[in-house]
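K.L.:
Sequence:
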Amino acid sequence: MSLSCRMGCGACCIAPSISSPIPGMPHGKPAGVRCVQLTDDNRCAIFGRPERPKVCGGLRPDEEMCGPDRDYAMHFIAGLERATAAL
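If you're matching positions, the sequence shown starts at 302 in the working numbering and goes up one per residue.
What the hints contain is simulated information worked out from the structure, not anything from laboratory work. In this text, a Cβ means the ideal position worked out from N, Cα and C, and glycines have one as well.
If you anchor each label on the Cβ, the simulated ranges turn out as follows:
| hint | residue 1 | residue 2 | range |
| --- | --- | --- | --- |
| 1 | Arg307 | Gly349 | 11 to 21 angstroms |
| 2 | Gly325 | Glu364 | 27 to 37 angstroms |
| 3 | Pro331 | Lys355 | 13 to 23 angstroms |
Start from the sequences and build out the full structure, keeping to the hints where you can.
P.N.:
Structure, rendered in structure tokens:
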């Protein structure tokens with residue numbers, strides 16, 4: 302079953318690092334830093350546009366990652382980031 306993004310969440314645009322260039326962030330973004338393309342209501346300003354990084358388009362919400370609320374998602378994604386960070 303497909304899960305839709307939780308309106309106003311934005312956890313996947315804040316918690317992980319993104320190494321791909323993003324408009325306004327040519328060197329990507331570090332973990333825990335809000336993407337400059339995330340609007341005030343936590344929506345992606347470049348959703349569906351070709352300049353959106355492929356990694357962003359490839360990330361799909363699921364129960365394990367998103368959990369019951371935004372705080373859960375932030376902690377889960379931050380944990381993945383720590384587990385996969387270069388030593």
